[in-house]
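J.: Here the protein sequences line up with chains A and B, keeping their order. Residue numbers for the first sequence follow my numbering, beginning at 1 and rising by one. Residue numbers for the second sequence follow my numbering, beginning at 137 and rising by one.
No lab work stands behind these hints: they were computed from the structure. Hints are not guaranteed to be accurate.
[Claimed, not checked] Pulled a few chain A residues facing chain B out of the computed Cβ check, cut under 8 Å:
# : residue
1 : V52
2 : G56
3 : T68
4 : P75
5 : K77
6 : A79
[To be verified] In the EDC-like style, the derived pairs of lysine to aspartate or glutamate whose C-alpha atoms are separated by at most 20 Å in a straight line are:
#  : chain 1 : residue 1 : chain 2 : residue 2
7  : A       : K133      : A       : D49
8  : A       : K77       : B       : D210
9  : B       : K253      : B       : D162
10 : A       : K133      : A       : E115
11 : A       : K77       : B       : D441
12 : B       : K253      : B       : D210
13 : A       : K129      : A       : D74
14 : B       : K255      : B       : D210
15 : B       : K358      : B       : E309
16 : A       : K129      : B       : E380
17 : A       : K77       : B       : E380
18 : B       : K255      : B       : E213
C-beta: ideal position from N, C-alpha, C; glycine also.
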Amino acid sequence: MSRRGAIARAAAGVVATLAAAVALTASDGGPSVEPGALVTMVGVEFQPDSVVIHAGETLEWRNDSKLTHTVTADPEKAAVSEHVRLPEGAETFDSGNLAPDESYRREFAVPGVYEYFCIPHEAAGMVGKIVVKPAK
Amino acid sequence: MRTRRTLMTALAVTLTTFGTAHAQADLEALVEMAPYRGYLAAHAGLQDPPPLLGGPVTVEISQDGGGVFVGLPDERELDPDVFGTPEMPRAFAGTPGINGVPPPARGIEGGRYTEMKTKSPFGDAHVTMGGASLSIDAVDATAVDGANSDDRVSFQATWEDDAGNAYAVRCCEMLATRGVEFPTFGGVVTNHVLHGSTRIGTALMPTEYVYFAFWGMGEVLKNGEVVAAPRLVHGMLTEYVRAEGYSLASDREVTPNRTHFHLMVPPMRPDMEAGRFVHEDVPTGFTLPNGMELPFWHVMFENLDVRATRGGGTAGR
Ligand SMILES: [Cu+2]
Chain A
1 MSRRGAIARA AAGVVATLAA AVALTASDGG PSVEPGALVT MVGVEFQPDS VVIHAGETLE
61 WRNDSKLTHT VTADPEKAAV SEHVRLPEGA ETFDSGNLAP DESYRREFAV PGVYEYFCIP
121 HEAAGMVGKI VVKPAK
Chain B
137 MRTRRTLMTA LAVTLTTFGT AHAQADLEAL VEMAPYRGYL AAHAGLQDPP PLLGGPVTVE
197 ISQDGGGVFV GLPDERELDP DVFGTPEMPR AFAGTPGING VPPPARGIEG GRYTEMKTKS
257 PFGDAHVTMG GASLSIDAVD ATAVDGANSD DRVSFQATWE DDAGNAYAVR CCEMLATRGV
317 EFPTFGGVVT NHVLHGSTRI GTALMPTEYV YFAFWGMGEV LKNGEVVAAP RLVHGMLTEY
377 VRAEGYSLAS DREVTPNRTH FHLMVPPMRP DMEAGRFVHE DVPTGFTLPN GMELPFWHVM
437 FENLDVRATR GGGTAGR
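Turn these sequences into a full structure, and let the hints guide you.
T.: Next up, the structure:
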């Protein structure tokens with residue numbers, strides 16, 4: 001991976017983290033539909049590629065690229081089954097195709113570590129991780 | 137034009153590594169050594185090439201919307217599984233870039249090949265573009281190369297840059313019923329391994345299983361105007377040959393249980409009489425960040441709907 005790519009990713013991660021912080025602030029005392037964090041899809045990357053939320057919070061993915069992506073955590077749909085990880089008792093999920101500018105939201109009830117991928121770009125390394133901590 | 141020279145694919149290899157008269161003779165010899173010369177000679181005049189075993193395969197491939205990956209000029213890492221070692225080189229014969237890579241065009245470090253010294257359409261560099269569509273209707277009926285073929289291809293692809301310019305490629309008024317330096321199987325081939333170590337198509341792409349591929353003469357368009365025709369157009373539906381960060385895979389990085397479609401309009405023109413390729417940039421009308429015009433199209437479609445039937449039946453539809 002090039003250094004430029006890493007810097008761009010880090011910068012984008014900061015932006016996403018700030019966006020998440022804003023979203024978290026907005027959700028304090030607000031309606032529970034506000035996402036606990038925002039993950040954007042840029043090129044063939046989830047940014048940030050790892051997020052931490054609390055059980056009961058909603059995560060939002062937004063497709064900021066020109067490509068069609070998915071948010072998928074189903075070992076049966078994976079090219080490499082190790083790209084999927086679900087905590088005991090958590091259900092598999094799949095956003096279906098997300099066209100440019102489309103979003104997908106999902107609430108996470110079960111704490112633990114989740115790993116997911118994008119169906120078309122799994123082999124190009126488009127994978128992500130969610131750590132769901134116990135409810136606050 | 138210095139910038140053009142440093143960027144171009146096969147010709148750049150020719151110019152930088154075969155500048156002298158003596159070296160030019162070496163290049164002629166290399167091109168003559170293209171591995172399928174004898175095979176092609178045996179098939180070139182075949183008037184009634186035999187049909188595909190089990191009957192014709194009909195293929196429909198489409199993408200409706202979404203984006204594409206557009207390959208940009210880049211250096212290609214030389215996979216030892218394909219290119220061998222400096223002591224035991226492989227895949228060197230044929231027209232540079234479109235078939236093999238001549239040893240003088242290969243970087244060497246620590247007794248191993250590193251990357252090709254000049255840029256080509258086959259590397260990691262790319263941009264994404266939106267507004268994409270792809271529509272293919274094809275039949276693979278003829279098994280081998282010949283003077284004619286029952287294979288058929290109707291191909292149309294479009295995509296748009298950030299400035300709103302629309303690019304398109306249409307094919308094929310005429311199919312390449314026989315190959316110039318490697319076989320084309322009547323113009324359409326299904327269920328075959330190509331590229332890399334097969335020496336069918338450029339060795340700069342990894343060895344890959346190809347569900348469907350074609351070679352023919354088509355048109356290149358920008359904003360509805362034909363900017364180049366006839367141009368050699370090659371398309372193929374393959375197993376997935378991109379790795380981490382969309383880098384072009386080595387043979388060991390190929391993902392067998394994913395597919396994508398590749399469109400290639402190379403900066404080369406086939407000269408059937410001479411049995412070789414001649415350099416000719418594609419006037420794509422797309423300007424690279426360095427101000428140069430992209431001299432080829434190498435476009436990947438990855439949100440596909442694929443249907444195929446064999447032997448005229450309806451199984452698998
Ligand atoms: Cu994706």
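J.: Sort out whether E213 of chain B lies within 20 Å of K255 of chain B, counting only the CA atoms.
T.: holds, 11 Å
J.: Given the hint that K129 of chain A pairs with D74 of chain A, test it: the Cα-Cα distance must not exceed 20 Å.
T.: holds, 14 Å
J.: So if I understand the rule, the pair passes when the alpha-carbon distance is 20 Å or less; does K358 of chain B with E309 of chain B pass?
T.: Given pair K358 of chain B, E309 of chain B holds - Cα atoms ~19 Å apart, limit 20 Å.
J.: For the pair we were handed, K133 of chain A and D49 of chain A, check the Cα-Cα distance against 20 Å.
T.: Given that 20 Å is the threshold and the Cα spacing comes to 17 Å, the pair holds.
J.: Taking 8 Å as the limit, does the beta-carbon of V52 of chain A come near enough to a beta-carbon in chain B?
T.: Violated - the Cβ of V52 of chain A stays beyond 8 Å from chain B, reaching only about 24 Å at its closest.
J.: Would the hint on T68 of chain A be counted as holding, given a Cβ-Cβ threshold of 8 Å to chain B?
T.: Since chain B brings a Cβ to about 4 Å from T68 of chain A, closer than 8 Å, the hint holds.
J.: Is the Cα-Cα distance between K77 of chain A and D441 of chain B 20 Å or less?
T.: holds, 16 Å
J.: Is it true that the CA of K77 of chain A sits at most 20 Å from the CA of E380 of chain B?
T.: holds, 19 Å
J.: Given a cut of 8 Å on the nearest C-beta pair, is the interface hint for G56 of chain A held or broken against chain B?
T.: Violated - the Cβ of G56 of chain A stays beyond 8 Å from chain B, reaching only about 33 Å at its closest.
J.: Mind checking the CB of A79 of chain A against every CB in chain B and telling me if the closest is under 8 Å?
T.: holds, 5 Å
J.: So, as I understand it, the hint says P75 of chain A touches chain B; can you test that by seeing if any CB pair is closer than 8 Å?
T.: violated, 13 Å
J.: Do the alpha carbons of K253 of chain B and D210 of chain B lie within 20 Å of each other, as the hint requires?
T.: holds, 10 Å
Violated hints, listed in ascending order, are 1, 2, 4, 5, 8; each of the other numbered hints is respected by the structure.
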